[in-house]
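Engineer: Listed below are the residues making up each chain.
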Amino acid sequence: MRKHNKKIGLPPGSVVFTGNKKVDNVHTHYLAFNETYCNDQIIESHSKTILKKPSIEKNDWYDIRGMHDTDLISQVGQIFEIHPLIQEAIVDIHQRPKFEEYENGIFITLASISFNSTLLEIKKEHVAIYFNTGFMLTVQETDSDLFAYVRKRINTGKGKIRLRGADYLAYALIDSIVDNYYIVLDEIEEVIEDLEKRIIETQQVQDKNKIHQLKKELMSMRKSVSPLREAISKFSKTENAFIEHSSQLYVRDLYEHTIQVMDTVDATREILNGLQDLFISEMSLKMNQVMQLLTLISVIFIPLTFLAGIYGMNFVNIPELKYENGYFVLLTVMVVIFIGMLLYFKRKKWL
Amino acid sequence: MRKHNKKIGLPPGSVVFTGNKKVDNVHTHYLAFNETYCNDQIIESHSKTILKKPSIEKNDWYDIRGMHDTDLISQVGQIFEIHPLIQEAIVDIHQRPKFEEYENGIFITLASISFNSTLLEIKKEHVAIYFNTGFMLTVQETDSDLFAYVRKRINTGKGKIRLRGADYLAYALIDSIVDNYYIVLDEIEEVIEDLEKRIIETQQVQDKNKIHQLKKELMSMRKSVSPLREAISKFSKTENAFIEHSSQLYVRDLYEHTIQVMDTVDATREILNGLQDLFISEMSLKMNQVMQLLTLISVIFIPLTFLAGIYGMNFVNIPELKYENGYFVLLTVMVVIFIGMLLYFKRKKWL
Amino acid sequence: MRKHNKKIGLPPGSVVFTGNKKVDNVHTHYLAFNETYCNDQIIESHSKTILKKPSIEKNDWYDIRGMHDTDLISQVGQIFEIHPLIQEAIVDIHQRPKFEEYENGIFITLASISFNSTLLEIKKEHVAIYFNTGFMLTVQETDSDLFAYVRKRINTGKGKIRLRGADYLAYALIDSIVDNYYIVLDEIEEVIEDLEKRIIETQQVQDKNKIHQLKKELMSMRKSVSPLREAISKFSKTENAFIEHSSQLYVRDLYEHTIQVMDTVDATREILNGLQDLFISEMSLKMNQVMQLLTLISVIFIPLTFLAGIYGMNFVNIPELKYENGYFVLLTVMVVIFIGMLLYFKRKKWL
Amino acid sequence: MRKHNKKIGLPPGSVVFTGNKKVDNVHTHYLAFNETYCNDQIIESHSKTILKKPSIEKNDWYDIRGMHDTDLISQVGQIFEIHPLIQEAIVDIHQRPKFEEYENGIFITLASISFNSTLLEIKKEHVAIYFNTGFMLTVQETDSDLFAYVRKRINTGKGKIRLRGADYLAYALIDSIVDNYYIVLDEIEEVIEDLEKRIIETQQVQDKNKIHQLKKELMSMRKSVSPLREAISKFSKTENAFIEHSSQLYVRDLYEHTIQVMDTVDATREILNGLQDLFISEMSLKMNQVMQLLTLISVIFIPLTFLAGIYGMNFVNIPELKYENGYFVLLTVMVVIFIGMLLYFKRKKWL
Amino acid sequence: MRKHNKKIGLPPGSVVFTGNKKVDNVHTHYLAFNETYCNDQIIESHSKTILKKPSIEKNDWYDIRGMHDTDLISQVGQIFEIHPLIQEAIVDIHQRPKFEEYENGIFITLASISFNSTLLEIKKEHVAIYFNTGFMLTVQETDSDLFAYVRKRINTGKGKIRLRGADYLAYALIDSIVDNYYIVLDEIEEVIEDLEKRIIETQQVQDKNKIHQLKKELMSMRKSVSPLREAISKFSKTENAFIEHSSQLYVRDLYEHTIQVMDTVDATREILNGLQDLFISEMSLKMNQVMQLLTLISVIFIPLTFLAGIYGMNFVNIPELKYENGYFVLLTVMVVIFIGMLLYFKRKKWL
Ligand SMILES: [Mg+2]
Ligand SMILES: [Mg+2]
Ligand SMILES: [Mg+2]
Ligand SMILES: [Mg+2]
Ligand SMILES: [Mg+2]
Ligand SMILES: [Mg+2]
Ligand SMILES: [Mg+2]
Ligand SMILES: [Mg+2]
Ligand SMILES: [Mg+2]
Ligand SMILES: [Mg+2]
Ligand SMILES: [Mg+2]
Ligand SMILES: [Mg+2]
Ligand SMILES: [Mg+2]
Ligand SMILES: [Mg+2]
Ligand SMILES: [Mg+2]
Ligand SMILES: [Mg+2]
Ligand SMILES: [Mg+2]
Ligand SMILES: [Mg+2]
Ligand SMILES: [Mg+2]
Ligand SMILES: [Mg+2]
Ligand SMILES: [Mg+2]
Ligand SMILES: [Mg+2]
Ligand SMILES: [Mg+2]
Ligand SMILES: [Mg+2]
Ligand SMILES: [Mg+2]
Ligand SMILES: [Mg+2]
Ligand SMILES: [Mg+2]
Ligand SMILES: [Mg+2]
Ligand SMILES: [Mg+2]
Ligand SMILES: [Mg+2]
Ligand SMILES: [Mg+2]
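Chains as they are written, first to last, in the working numbering: chain W, 15 to 365; chain L, 15 to 365; chain D, 15 to 365; chain S, 15 to 365; chain F, 15 to 365.
The reader is advised that the hints may include incorrect statements.
Put simply, identical chains are the same to the list, so a pair is met inside one copy or across any two.
[To be verified] Listed below are the simulated BS3-like cross-link pairs for lysine-lysine, each with C-alpha atoms no more than 30 Å apart in a straight line:
no., residue 1, residue 2
1, 237, 172
2, 172, 20
3, 21, 166
4, 72, 230
5, 237, 251
6, 21, 174
These are computed hints drawn from the structure, not numbers from a lab.
All figures in this text were calculated on a predicted structure; none of them were measured in a lab.
Isolated chain W (complex conformation) (with noise of 0.2 Å):
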């Protein structure tokens, strides 16, 4: 089934998830701390403890996993004042990375990405991201744990996470979201100098495949980075009363790495157009030298068999023939021929 087809004709704000179900026990991480204090708990069932409004005095970040259940989205979308076309946003995987100012909150899409060195296949995870002064809700198509390091950091109380309000941990996460993309380009830095290599000694159709196939996931990796640094760019530089001034000092951190991610990909992709040039100029190479071999043999070897033709003809009366040494004097001049061929092709530079 096509992509775009579920959300034909729908009005906006409609909650439509447009992946496919990747979990199957939808469920909810819920963490509240503050400088003092910490709880952590798994909501299992949403149907019997429905999601309550927080408290201002600590920070409440809702995280849930399994981003199908449109139903429960839109329940919680309702509870917190979620406008319409963030509840549409939130379950769109399609959706553009993006940043964006509501009356209510702060709404931030990205994706998360991991690299198959096997197949050369980029996985993409939409992340939706929506937070105001000490709430936060996390929306994951899968139940991985992309956020454990946030997470661990929040319970262990290391860094400045626990003084600070749901801003900086939207920094915390969309930074831990930002870590991986460095694998991810790390590990195709590595599937890319094998193939470098490989090139240089041997030219064979999978490596050409394998460049094209870099080629296009470098492509749409692009295309998440790209509204990616964009969207931090806004995030560090917007005046807004649900972020603080001294988190946005980490932002631009931040937006800093985004550019550094983006150079890179940049820089990637055209190391894939040199190593696509490299495969077809070795090609090409390979080529003349299969194309030389022909040429000096048969430019040696056609002259000399026309000769024996020649003297393979039965007329009558061929006077070379019946001389004594008419065999050996023809050999003698195929040999000169052939030794003045190869000092010919010599001085050609062809051997």
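Fit chains L, D, S and F with the ligands to the supplied structure of chain W, relying on the hints for placement.
Structural biologist: Just chains L, D, S and F with the ligands now, with coordinates in the frame of chain W:
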């Protein structure tokens, strides 16, 4: 007949249809609505029931199908005090997508597209949208109901469309056209995936031509999408009495869509460039194999054939010919050369 | 003679014609008009009836044909107080299109183009436009009536042109030149469509040269259109006493046209690049087929010919030669090899 | 010796000449002028008549030829209070063209170029210009009189140059250098037109190398023109006490020239890219023809030669050989095959 | 081990060295100076003589060699109140060059480069610079004395460096690193000039690989230069209490240098692209010549060999064989064909 000849030498504001007549019965789909009221009717005979200036309390949407009827457009223009330059642009199918503010209303023009996956052709239809407070005029080339989904939402009262004015209706109409862009891109993606598989297996003339064709069509699509993106950007940012600020939140979302469409068009074009490169390197690779085979066979047999030629000569005195086992010695020599050649090519990785 | 040698070392404001004389009888088409009055006459002899400073109540349009008469231009410049730099630019046919505001008037220069579809050449004519309140001066290289349509509209009182001033007239004149750009692009498009069909069928030397020629011409056209677009943009945005705001609405429309022309020029250039790629891959494909044929024939017959050579040798003792049906056995072996080869190539999809 | 080694580790403001000495007798061409007065003299011996700070009532232009005399430059710098960074830049021939405002004056540096149409090389000369009210200092590498035309205009009182100050003189000097850019581009264009004709007729090694050479030279020219354009743009827009507004009208014109030069450089580079593509496709086309000829001859004669080989075998029992007209039947078969082949290739458009 | 794994999951401000330890004895080169005073010493044992907060009246420059000692960096950070994000950036060798203003000081990071002309590799060293009024901290990876020239100028009191503060010192340090960029580019230029000569003479596999290698290294250099240019631009334009306006005049000059380096890097990359094109067209040209030779020999001898084959057949009745001078007639025919072929190829410019 050439595209632009019709308008040579005419003063600005001349209402000249630049396309081909595509509908016989020009008719107007009239839909009046507000929060509580909804009246849906089709005006077949414009000569009798002329369009009337609508009242303020409700929204009046005149959806004219049949752009070639320039008299009708002029009449409507006069009744609703539409600027001559707008009247001209409404019926100019070569008009670039644009968003323009005039004293009496807002004018938007764009292209609706569909994809013929057999001919690999994108079909474009020019659509003109003009509105002010409570009034909406749309003009289409054909009588296909481009806006069926929006009309249905108004009739059924789904979403917020009945609660809002002509500005929100304009958003909804453009949104439903931009939705089709996604569909077209999905369809093109399917064609490209097929093409890619086929090119990796075998390289055929028609595949090369299909890449060329798709590149042209995407270039043409880009020519519609790029100015549309600018137009929607203006729509989302302008401060104009005919547009409510709350509607612009939706237009901002639409703007994101046009950026995404643009990105996808550009990415698809790059994929096609990549396919073209793949096609060419596949062909080179195949050529190399062909030449290697030719060279292999030639290099092995040309010297052997020369040897056979030598002993096919008719010199009276060729001592080897008279040896009892001369033939068998030569055959052995030939087998040795043959095997030597095979080993040589094996070492060179040709076999 | 080289293009720019004429002006070396001269002070700025030197009125030097940089082109070739293209008209013998320099003459001026004079047209005075306002809402109620219209006087159309041709001034043949400038020496007698010298141009006079016009009154304010009507619009006076002096259309000089014959740019090489630099004395006349200087005289006109003095009478109408035209800045020396403008006088110089009027007669410099290598002048880039531009829009410049001076204390006494507005100066616009641009190129009028036409396409020779036989030679595939774009012919350019330099046009200079200078105006202030109620005064219009245009200078053309040749006596072809570039502005015939506008003149006719004034004479017949069609459109609003009689009701408006020199600023609107300037708009109308430029618009009529830009209309020709569309015509030229339509004609080039026709040539390209022909070319495309021919390249898909057969690849010929002249087609390659035609692509090269068209690319050069479009590059040249781009050099005229790109600065014109900037100039019209300035025209549409400037706040100048010589230009009424209501005229600028029309200039804005004209600006859209120049963007569209520019887009089309660039798209056409990309199409030509695509055609070039197509030409090259068609040639590669054909080369592949040629090489496959050569290889097919060689690979089949070279071993067979070798076999025939073996049994053409004159050794006294070749047992096979003496077998009664040796010949028929060999023929059978050859047929088997022949058929085996055919099957091999069939499997490799060469046949 | 390497270009930049000379300056390693030196503090800023070090007056180090980075080029090669090009003139033996360093001398200064001194020209003092105002509306009524003009004094033109050459200062040969700087050690005796040291340069003196000029009075305000006239313009004093010191035109030093011989950039390598860094002591002289330092002395002049001290007398006229020129900033150390300017003194450094004056004698640094690798300096990018720039326009800089200092407290005491304006500094401009640019490259004067000429073209050697035999070696296809652009020769650059570094020129430094410094001025303030009534004072002009220019420094050149060689004693070629780059500014001859301007000097002549001052001496003869042609144009307005005598009536104006050092700012206008600066304009006139730069203008005369930019005029040379046009000459160089005209000369390169001539070379390219020759090249194009030759490539269409025959493809030769040296033509390929010439394209490569010209591409390099134009890249080098671009490196001078691109920053010059920016510099002139600053010159035309700055508000500085040393520059009168009426002079800037002329600088604006000069700015247009630099844009045009830039456009032409870029267009010429694209033309060279086009020529390169043409060269390569001409070569491919020729290769195709060569291969077609080889294939034609091979495909026709290889089977015929095989047939001849068959009947050259020495089997005791080959019935055909004994037929009275066996030879003639075979010849007929061969002619039929030959003609069949020709018809086949005719149909394939090879002949 | 992968580049970015070390930092996964850590909170911002974690001081983690991301490179490889390059120096055994971490030590600090301490230099205190003002107009009249200069004290140069090396601190070997940081555990004993811990760095002390310097007084305001003089400039204290701590130049730490050995970036891997993160404990030392943390301690220094605490003593001098350096922001945690700076501490992290100091020891992150993958950090993009940047200029950042914090409340307590200015942080600049960049790469020092050198070129290995045998391996064709650019070696990068990460350098961190932090300063405020009277305080300068630099951290290097190795103990190579990158800043020897600057230190010498301070010790000898050359230039103005002793009269000025840490801001000017920062300028001088960066300037001395950027000077190395010129050296590297000069060295690369030499390699390219060699390469170009060799490619025009002969095309070898290693040349192709060298172009590929240099393209990669320049891409890597560009990744350091491009953000440095932006950083220096910020440095030259910022209004910050730690930077005097008179120093920024020098930074502006430095900014010009980074632009020039950037231009040269890009120009060099284009030259490499040009070389690659040259390599490929040289190969094509050579291939053409090879094929022409093969075709020439084949086309001449294949028909002649066929003729010899005809008269080598053993038909009992071949009348020509019995003619007394049949052999000589045939030889004459063959010579005629041979000469005819030669003339044909002469006319086709193959010989
Ligand atoms: Mg690239
Ligand atoms: Mg690239
Ligand atoms: Mg690319
Ligand atoms: Mg590339
Ligand atoms: Mg490419
Ligand atoms: Mg490349
Ligand atoms: Mg390339
Ligand atoms: Mg592309
Ligand atoms: Mg591309
Ligand atoms: Mg491309
Ligand atoms: Mg391409
Ligand atoms: Mg590509
Ligand atoms: Mg192009
Ligand atoms: Mg292109
Ligand atoms: Mg191109
Ligand atoms: Mg191309
Ligand atoms: Mg392209
Ligand atoms: Mg292309
Ligand atoms: Mg280029
Ligand atoms: Mg180009
Ligand atoms: Mg290029
Ligand atoms: Mg190219
Ligand atoms: Mg190109
Ligand atoms: Mg091109
Ligand atoms: Mg390049
Ligand atoms: Mg390039
Ligand atoms: Mg390039
Ligand atoms: Mg290029
Ligand atoms: Mg490139
Ligand atoms: Mg190139
Ligand atoms: Mg290329």
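Engineer: Now tell me if each hint is right for this structure.
Structural biologist: Verification of the hints:
1. 237 to 172: neither (34 Å within a copy, 34 Å between copies)
2. 172 to 20: Only across copies: residue 172 and residue 20 sit 17 Å apart there, 44 Å inside one copy, limit 30 Å.
3. 21 to 166: between (38 Å within a copy, 15 Å between copies)
4. 72 to 230: Cα proximity of residue 72 and residue 230: none, with 45 Å in one copy and 51 Å across.
5. 237 to 251: both (22 Å within a copy, 25 Å between copies)
6. 21 to 174: between (42 Å within a copy, 17 Å between copies)
When held up to the earlier numbered hints, the structure conflicts with 1, 4 and fits the remainder.
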